[in-house]
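Sequences are here, hints too, so could you generate the full structure?
For the record, the sequence lines run as chains Z and H.
Under the working numbering, think of the first position of the first sequence as 1, with each following residue one higher.
Under the working numbering, think of the first position of the second sequence as 1, with each following residue one higher.
Incorrect hints may have been included.
As the list claims (entries may be wrong) - Derived lysine to any residue pairs resembling SDA-like cross-links, with alpha carbons at most 20 Å apart:
hint	chain 1	residue 1	chain 2	residue 2
1	Z	Lys63	Z	Thr74
2	Z	Lys231	H	Pro64
3	H	Lys83	Z	Thr74
What the hints assert, rightly or not - Over the 10 Å line for every Cβ pair with chain H, so calculated as not near, a few chain Z residues:
hint	residue
4	Leu2
5	Thr15
6	Ile67
7	Tyr93
8	Pro163
9	Tyr168
10	Phe178
11	Phe186
12	Tyr221
13	Leu224
14	Leu246
15	Gly257
16	Leu301
17	Thr309
Don't read these hints as lab results, they were simulated from the structure.
Ideal Cβ placement from N, Cα and C applies to all residues, glycine included.
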Amino acid sequence: MLDYIIRRFVYTLITIVAVATILFILFRMLPGEPTMQVISPAMDPAVQERMKKAFGLNEPIWKQYFIYMKNLITLEWGRSFVSAQEVTSILSYRFWNTILLMAAGMCMTLVLGIGMGIIMAWRRNGAVDLIGTVVGLIFQAAPPFITGLLLLMILSYNMGFFPTGGMYAPGNRPDGLFDLLTTADFWHRLVLPTLTVGMYYISTPMLIMRDSMLEVLGSDYIELARAKGLKSRVIMIRHAARNALLGVVTIAGIMIGFAVGGQVVVESLFSWPGMGQLMVESAAQHDYPVAQGTFLMLAILVISLNFLTDVLYSYLDPRIKITAKGLS
Amino acid sequence: MTEINKDPLLSVRNLGVVYETSQGPVHAVTDVSFDVQENEVFGIAGESGCGKSTLIKALLRLLPDNGVATADRCDYRGSALMKMEGEAFRKEILWQEISMVPQSAMASFNPVYRVGDQVVESIQTHRKASRAEALERASELFDVVGLEPGLLKSYPHEFSGGMRQRAMIAMALSLDPGLIIMDEPTTGLDVLVQERILRRIREIRAELKSSIILITHDIAVIAEMSDRIAIMYGGEIMEQASTIELFENPHHPYTLGLKNAFPSITTMGTELISIPGSPPTLIGPVQSCPFAPRCPFDDAACHAANPAATEIAAGHVVRCVNYENSAQFRSLAKEKSTWLS
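Structure representation (structure tokens):
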């Protein structure tokens, strides 16, 4: 088990280094000088040269790469071209806002989706099964910027149940995470973006859960569980759902990765001050240090979540340990 | 013979199972009657698809949704199994009174739970026992089937096929049931492991008072283990008798054919004769003897109606219109040409 986790962790680190390297190359391939925002072409060439030197841009590319990597590790992620704030301090605030929204969305998606999947498999070909499948697929087919807009239009603009966006009322910025989480207003504002995320992704865990439940229900150990005289609820939950969960966990890792990307749309739509919104803003303003930091942070988030999925999987399926040993 | 017929443990009369399929009703089991006595091994033998497994699924109410079982009688120690309320059946009969060793022990343990926990689960479902008490019982059971009690902590995939089979038998014994149904308990195991498992089953049977229904397609295994045998074909019991009677005085042409198809020590060196053709599909109502198309001794009567079961001696039941000619059949059945014509 530990052996497997350590190896997975090393792979995770290698992946992060690879992503950082790709980012380094990408940002240097962007059209135009990345420094155009700061170093105006109108300046005296000698001054331009001196500023380039200050940024280390006159060094050979390999040396720049090592400085870049060193700075990443020591958390010297630079300052925003626009606000001159430290990138790390901007990110540390934005990071948690994204996590909160994602956690809410994914919890809703997974809990409801898995629950629905179990019920649909249990009562297969029944009303719940049919409605669940159709509604789930409609939600999945509708892009979040449409469902989000519809929700805003109906529930917020027409009916006035919810505010149109933001994480807190203007001028009411909470001090720190605890203060935020204990404000009723925050939870109120969380509802619509969570619904938007949840509606878009729910069909994935729901249909996967339903299908793997049906597959598991046909297996010999379920028949034996029935022969053992277990209650049907126990068979459904302890034997069927527990084993069907394996399929969902695999998909959940991939789905969460997509959801992080989808976060850009949802955050922009609901003016949610998270990393997705930051990414759009910084790209629009050519704020390269912030954009680079946001990209990297999101990549690290996705890769770490995949690592956690693998660990969870090895805990859920005892057979994986043997396989891991066999492969090493 | 008359005295064992008193108070059988399980008494089944005219049990039938019909599956509704898109191609019409499939009569998987038709008109099956038998008794299992206390402390007896009752063998059911037949080819794949003859209805053996459907029969036990019907007894345990494990039939899929499209399967319907009917019976004039299906009594276990006086309680009518088919008429019991579902919840009572689950609590009082399943595993507590009738347990089973399934056909595929390999796949019948849930792969994500430790073997010991699965044995504990079967105990705690029916008895008020603490986890420690249940584990204690589980290690006793492992001891009975010849497994290290330490193996209770293992996962099913860490067991060999033989070990899983033993663990399954241990689990089936966990509540001292009156009847254990063993569905092909040694299929897929190599001969040595098979022999060890069979020996263990015999020892257990001597120690405990459970009766066993042993289902197999292996005539050798069934002859070695059973007190009485029923031969099934096409969803019906073709012949039923005590083991000795069945092998010394077989009446049904199918029994003769089955005997031919298995090697025996006394007739070593003679060529095995198989029965040409394949089992019936069982779709639609039964209107003739199901074995008639493959039977070398068939005549018009065989194809006209499905023969009724006849008790030709105490406890010896044959379902064949021509059972009176069995002496002639027996000598003819030894010739390969009889079966090929």
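Are any of the numbered hints broken by this structure? If so, which, sorted upward? Going through the list in order, the structure violates hints 3, 12, 13, 14 and respects the others.
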